[in-house]
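Asker: Chains as they are written, first to last, in my numbering: chain V, 1 to 256; chain D, 257 to 512.
Because the hints were derived from the structure by calculation, they are not lab data.
Mixed in with the good hints there might be a few duds.
As the list claims (entries may be wrong) - Not close to chain V: a few residues of chain D, all C-beta gaps over 10 angstroms, as computed: (1) SER258; (2) PHE442; (3) ARG449; (4) LYS460; (5) GLU482.
Claimed, not checked - To give an idea of the interface, some chain D residues facing chain V are shown, with a C-beta separation under 10 angstroms as derived from the structure: (6) GLY340; (7) TYR344; (8) GLY464.
As the list claims (entries may be wrong) - Straight-line alpha carbon distances no greater than 20 angstroms define the calculated SDA-like cross-link-like pairs of lysine to any residue that follow: (9) LYS190(V) to ASN483(D); (10) LYS190(V) to LYS334(D); (11) LYS204(V) to LYS278(D); (12) LYS443(D) to PRO17(V); (13) LYS278(D) to PRO367(D); (14) LYS315(D) to LEU346(D).
Values in this document were obtained by computation on a predicted structure and should not be read as measured data.
We put the CB at the ideal spot given by N, CA and C, even for glycine.
Given next are the chains, with one letter for each unit.
There are 2 protein chains.
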Amino acid sequence: MSVLVVGSLALDSIETPFGSVKDAVGGSATYISAAASYFVNPVRLVGVVGGDFPADGVKFLENRNVDLEGLEVIREGKTFRWAGRYHYDLNERDTLYTDLNVFEAFDPKIPEKFRKTRNICLGNIDPVLQRKVLLQMENPRIVVCDTMNYWINGKRAELEETLKMINILILNDSEARLLAKEPNLFKAAKVIRGMGPSIIIIKKGEHGALLVTEQIVFSAPAYPMENIFDPTGAGDSFAGGSSGGLHGPRISLRRI
Amino acid sequence: MSVLVVGSLALDSIETPFGSVKDAVGGSATYISAAASYFVNPVRLVGVVGGDFPADGVKFLENRNVDLEGLEVIREGKTFRWAGRYHYDLNERDTLYTDLNVFEAFDPKIPEKFRKTRNICLGNIDPVLQRKVLLQMENPRIVVCDTMNYWINGKRAELEETLKMINILILNDSEARLLAKEPNLFKAAKVIRGMGPSIIIIKKGEHGALLVTEQIVFSAPAYPMENIFDPTGAGDSFAGGSSGGLHGPRISLRRI
């Protein structure tokens with residue numbers, strides 16, 4: 001059993017009240033793949049980087065048995081870059097800059113041998129690209145999809161088209177309220193289920209996550225953490241772990 | 257098995273975005289007793305009301321088998337009154353007025369037949385009064401105590417004395433941070449355990465509650481609610497249900 005991951009590979013520059021880092025390997029596809037690799041083997045990655053993507057970033061993924069046949073390397077281009085600054089309340093951050101670089105013209109091409117992958121995790125990228133990926137896949141079993149306020153506000157119509165093609169949507173509480181235009185999370189999940197996905201997972205940071213289906217509401221607490229330095233990639237890692245866990249050998253789809 | 261409840265009996269006037277009510281029977285002792293009555297029998301109440309406390313408020317408690325021998329009625333006095341207005345976010349409220357009335361001179365006297373009650377739930381009142389209650393009890397088995405920011409800010413030294421005499425402290429997340437002077441809830445719980453109570457229960461509203469002991473952190477989700485009209489008394493009811501549940505016949509102290 002494998003899982004296909006599509007998303008960004010990035011070089012992140014991050015400031016928190018506790019320290020800072022420059023050009024650290026990141027991006028949704030990186031975090032999702034790393035987390036999913038604890039549950040499924042192999043993880044198949046589709047993404048794009050520039051000639052400046054560090055060799056140890058590639059090594060990191062290879063060591064986790066991530067199949068990089070779908071990783072496009074544009075030698076003369078530069079990797080997607082994001083910079084952000086977190087506040088003392090690590091739930092709040094400001095984006096300092098976003099340089100799309102090679103990601104601007106990203107047109108995901110699924111390698112032939114990846115197209116029959118049954119389980120798909122679509123990282124938080126343009127819903128048009130998410131749909132392009134799905135249109136190349138042959139009969140997927142389950143599609144997990146992440147999104148964010150940027151696409152909900154800026155590309156709602158495109159996002160709604162994509163939602164019709166997926167099974168599980170993962171988003172955070174404020175994004176769920178925004179997408180559904182409904183402040184109550186349980187009502188919001190119902191509204192979003194009406195848009196397509198039969199299962200909604202609402203992330204609530206330190207308060208854990210809710211899984212909502214037609215029949216059930218399941219609340220999972222967050223692991224208790226006494227020291228938190230940098231939450232970058234936490235949502236992606238959660239999506240990757242969830243996708244990997246769902247798709248792994250120990251869990252049957254009949255259970256959900 | 258019975259539980260002794262000490263707290264306020266009040267007439268609450270409440271405005272929410274969804275409606276309003278005037279002089280509704282409320283107060284911490286009322287809510288705690290009603291909730292505890294689902295688990296233990298009888299509940300023993302200690303509190304004070306004025307001659308204006310309505311007969312149906314008394315009836316409400318009697319119907320739940322609450323023993324009112326400890327209810328002092330000051331015929332010529334007026335019952336404690338509180339008025340508040342909730343915002344659209346029901347987690348936020350403004351106090352419009354507080355009239356202590358007969359509560360101002362409240363000096364809890366525990367009836368002789370109540371003094372051997374093994375299980376005690378101290379509602380959210382002045383920590384000096386909470387301690388006066390405990391000093392009249394004979395060898396209690398377990399003492400649950402509620403408090404709030406008003407006492408943490410205004411009577412910290414008195415509260416700290418009371419904390420040395422209790423087993424379980426119930427408070428909400430912002431109160432835990434305030435009392436411990438520590439933003440991380442798990443670290444805050446450790447700090448508060450150092451003040452006396454071996455078990456800390458931190459309420460997080462719609463996000464449920466955390467129980468923290470030396471060995472464990474247990475996270476309980478909140479019951480999923482699609483429509484919320486008025487959260488007044490929710491924390492008191494939670495304290496009453498927890499006290500009753502802990503003290504009921506089905507749960508042994510050895511389990512915690």
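Asker: The structure should be examined with respect to each hint, and the outcome stated for every one.
Answerer: Status of the hints after comparison with the structure:
The Cβ of SER258(D) lies farther than 10 angstroms from every Cβ of chain V, with a closest approach of about 33 angstroms, so its non-interface assignment holds. At the 10 angstroms boundary, the C-beta of PHE442(D) falls inside the reach of chain V, the nearest C-beta of that chain being 5 angstroms off. Annotated as non-interface, ARG449(D) keeps its C-beta farther than 10 angstroms from every C-beta of chain V; the closest such distance is 14 angstroms. Distance check for LYS460(D) against chain V: the nearest CB is about 7 angstroms away, which does not clear 10 angstroms, and the non-interface claim fails.
A beta-carbon of chain V is positioned within 10 angstroms of the beta-carbon of GLU482(D); the least distance is around 5 angstroms. Interface restraint check: GLY340(D) against chain V, minimum CB-CB distance 21 angstroms, threshold 10 angstroms, status violated. With a least beta-carbon distance of about 8 angstroms to chain V, the hint placing TYR344(D) at the interface is held under the 10 angstroms criterion. The criterion of a C-beta within 10 angstroms of any C-beta in chain V is met by GLY464(D), whose closest approach is roughly 7 angstroms, and the hint holds.
Between the alpha carbons of LYS190(V) and ASN483(D) the distance comes to roughly 14 angstroms, so the proposed pair stays at or under 20 angstroms and holds. At most 20 angstroms may separate the alpha-carbon atoms for a hinted pair to count; LYS190(V) and LYS334(D) exceed this at roughly 48 angstroms. Using a Cα cut-off of 20 angstroms, the hinted pair LYS204(V) and LYS278(D) is violated, with the two alpha carbons roughly 36 angstroms apart. A C-alpha spacing of about 18 angstroms is found between LYS443(D) and PRO17(V), which places the hinted pair at or below 20 angstroms, so the restraint holds.
Restraint check for LYS278(D) and PRO367(D): the C-alpha separation of about 32 angstroms exceeds 20 angstroms, so the hint is violated. As the CA atoms of LYS315(D) and LEU346(D) are separated by approximately 30 angstroms, the hinted pair breaks the 20 angstroms bound.
When the structure is compared with the earlier hints, violations turn up for hints 2, 4, 5, 6, 10, 11, 13, 14 and for no others.
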